[in-house]
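Next come the chains, spelled out residue by residue.
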Amino acid sequence: MTESIIRAHAVEKYYLQPDGSRIEVIAPVDLDVEPGKIITLLGPSGCGKSTLLRILTGLSKPSSGEVLWHGKPITSQNAGVAIVFQSFALFPWLTVLDNVEAPLEARGVAAMERHKRALRILDTVGLDGFESAYPKELSGGMKQRVGFARALVVEPEVLFMDEPFSALDVLTAENLRGELLELWLSKKMPTKAIFIVTHNIEEAVLLADRVIVLARNPAWVRADFAVELAHPRDRKSPRFIELVDYIYKIMTQPQLALPVPDANPSAQKPARQKYQMIPHARVGGIAGLLELLQDRGGKEYLHRLAEVLIMDAEDLLPIVEASVLLGFATLEGGDVQLNAEGTQFAEADILTRKILFRQAALNHVVILQQIDSILHAKADHSISEEFFYDVLDEHFSEDEVQRQFDTAMNWGRYAEIFDFDRESHRLTLAEPVGEPHPPTSTPVQS
Amino acid sequence: MPRPSAAGLPDLVMFSAGLALFYGVIEVGRNWLGPFHPQVEISRRLSDLPVYAGYSLLRIALAYVLSLLFAIGYGYIAAYRSNAERFMIPLLDVLQSIPVLSFLPGVMLAMAALFPGRQLGVELGAVLLIFTGQVWNMAFSFYASLKSIPREMREAAKIYRFNWWQRFLQIELPFATIGLVWNSMMSVAGAWFFLMACEQFGDFRLPGLGSYLQAAADDGDTRSILFGIMTMVAVIVLIDQFVWRPVIAWAEKFKMEQVESADAPTSWVLDFLRRSRGVALFRKRAVSPLREQMVHYFASKEDARSQSSGENITLLWVGRVLGVAALGAIAYAVVRVIMILTDLRGTDFHHIGIGLLATWLRVNLTLVLGALWTIPVGVAIGFNPRLARIAQPLAQIAASVPATAVFPVVLLVLIRFGGGLGLGSIVLLLLGTQWYILFNVIAGAMAIPTDLKEAASVFGINGWERWRKLILPGIFPFLVTGMITASGGAWNVSIVAEYAHLKGQTYSTVGIGEMISAATDAKNFNLLLASTIALAAVVVTTNRLVWRRLYRLAETRFKLEG
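Protein sequences appear in the order of chains P and F.
Letter 354 of the first sequence, counting from 1, is numbered 354 in the numbering used here, and no numbers are missing.
Letter 205 of the second sequence, counting from 1, is numbered 205 in the numbering used here, and no numbers are missing.
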């Protein structure tokens, strides 16, 4: 048993309310950072994982409990740690070299030595030739390399990373992950442990020797298990997929007790229960697809559609999925087939389309059903958008929540299930088309 | 690209500049420490104009340096001491909206009394007044910048153990630079206005461009007036070219942008300095070693500090004692003021009320008049790029001449054509304030997207409808900003516009500005104090009740977003 570098004992974070009650953000947590491991801390957005990271580094103090660095209370002065930030947190007015030298300056390292060490590190992360560039001249991936270099130049014993790849595009992120692993596995850095906070499940399984999953409200350790797969890991391997699936399950069903699946592949796979996710398609796109299908005899191959529309599968699929979700079309193998409702919609005039869309939306889309029933139930027939953010927050990442909300707004306003007032950020019950309404309503409907 | 061949000329220029500076310091020292001249003889020889311009410039520069230091200190404390922040920021808000010129008489009298028999007193009075006019927006800008430093950047500084000095030099100051630069430009432009008023004030004539213009106007000397104003414009243009342009171009690197902007501002002076071998040598030999010294000094100090744990108790107590002392002083002053005010007669309050009403009407009439001509003209300029290219620089030069500088001249003309100050004061107020509205309207008109204009034409929205649906809502936020600045300026100008001496005669019209100036001349300090307080109270209240609400409306409903 190796000794922990950082040991957190019963750390807890809460905010005192004026009435004396507490809002608990992090429930008492015990956590050890041992040498020789990459640890990833997973959790839904807003669950307090970044706060926990800041407590472990000594940046912020826990409300109670203690964090020990080699057995002594941690401070930002004695901890041999560095952080790589999601937003890079580089100083735009300093050159790449000056950015990397800055931590050494703070430690009073002499100019020559500073220069030498910074150049060596820049070389390691593949930035030689960019010493005199300013961060704004660099791409996102290059900026994060500077972030790595600045962190590694102080030779931290533990390297903390707070969502280091979330601000990058997919390919760049994948590339940087690979390089990080290579540096780590080839022992090109003196770092003894890496602690990564992320919300990307695959990223966690790809990198980690140990995965910690946090649940929220307040944060507590939901699961803590070792990943024994050898590097480099194959995302397509059954064991990899199984682990990803397992994490999905614990993250989407926090109340369930789930045993860690053993490496035995015969373990059963219960069906995943998730909140319905709306594909990101606009009403106009859906209508366009249905019309096109109608023109082409009601049935078409997906790849033909992609050709005709000159669209990537990535852009086309959400529209197809949305049509299927709304019950306007069905997917069979590679075919999209227009059904009776879809045909009716494609042939209808503008006002009838709204009625058809409203019916389909209220029949099939969970979030719109929820909005509709709440608006009807409330006395003033109105509710703040915050409520739905809260509902969606339970199930999706921050960005996804925004996309889900935007799509739901687009569909719901078109279907006249509700009105949305941007200034007050409130949803109110709309007077739907086709239903009797008082003559005072807007002339558009007449 | 640095060209070594060009290095000789820049170095020669830099050396000459150093010599000139040295001479200036000696000359000024001789004058300021010399005995007080109750009646400074202002010569109107052309050869003396550069000297007068130099004196004016020096006062501005001194006040600016003071302001910058104070602003940084004030902003720093307000940003990091939350118990100080609670009263420092509202105080800033009030101080920012008080018309500084209303303190002119009081400050000058006090400073002259503080240094009897020395020119230094009035000089410091002028500097202090300019300082009061320009420091608040800079302090607020610095405070706001510190508050908006991204959290992760602060955390990076902490986790990498930046010491106080490094944090200040590498994060706080760079982050605040752009805001400070723009606010400095505004402040210095305003400073000219106050300086001219100071130099023309009553018996304490300070040698400078302001007193030169006043003397010339007194004698009706058109040629000297013309040269004086030309010098004034030249000085302002030179400052723009030699100070602000290079500083703006240099500050470009402090922008928090993720990608480089395509058309970054440039400055030939900055290029010139960057080419100079002397400057490079100075940086290498003096700046870099000094910086290195500081790095090591603060790094070792930080180590020592981290070893000795706990807050600095002494500093804490010094702070508390100072705080209590300040509170005591404020309480004492308030009591004194109340005692003085209770000494005043009922008729005095009656006069103050009438004066306030008259000036209030005058200020708002000026705003309406200003808006009436600047909105059509500004929109015409803003919609027409070719016109803008010609009109904008002209308007900028016209606006750069501080209204107070041309007051004596305008007054001269008004009196010659038989108009009194009743009408004249409105002309003077307009002169001082219309530019703020004009520039904002131009900016607003330019900001209206082309597609909105095209949409309006396509749908046949023309004439008054076009103004009502497109132009007025489009420029509204800018118009409000311009009006707020103009209103602040107008209250200031009213102090000098309602009461004036020319050719040994006193001209005046009813108003609070007249009350203040007349009370000074009559050495009626109680009335002076009461009038000043009343004026400040009315301005602050108007700001709160009217302008701030309009501004919020502009920020929310009429904001053009992408």
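Simulated from the structure, these hints should not be mistaken for lab results.
Please read these numbers as outputs of a predicted model, since none were measured by experiment.
One thing to keep in mind: the hints can contain errors.
[What the hints assert, rightly or not] Partner residues aside, some chain P positions facing chain F, computed with beta carbon under 7 Å: (1) L59; (2) S76; (3) A111; (4) G126; (5) G129.
All C-beta atoms, glycine included, are put in the ideal place defined by N, C-alpha and C.
Tested hints:
1. Using the Cβ-Cβ criterion of 7 Å, the hint placing P:L59 at the interface with chain F is satisfied: the shortest such distance is roughly 6 Å.
2. With 7 Å as the threshold, the beta carbon of P:S76 comes within range of chain F, its nearest partner Cβ sitting at about 5 Å, so the hint holds.
3. At a threshold of 7 Å, the smallest CB-CB gap from P:A111 to chain F is about 6 Å, leaving the interface hint in force.
4. Proximity of P:G126 to chain F is violated relative to the hint, the smallest CB-CB distance being about 21 Å (cut-off 7 Å).
5. At a threshold of 7 Å, the smallest CB-CB gap from P:G129 to chain F is about 18 Å, leaving the interface hint violated.
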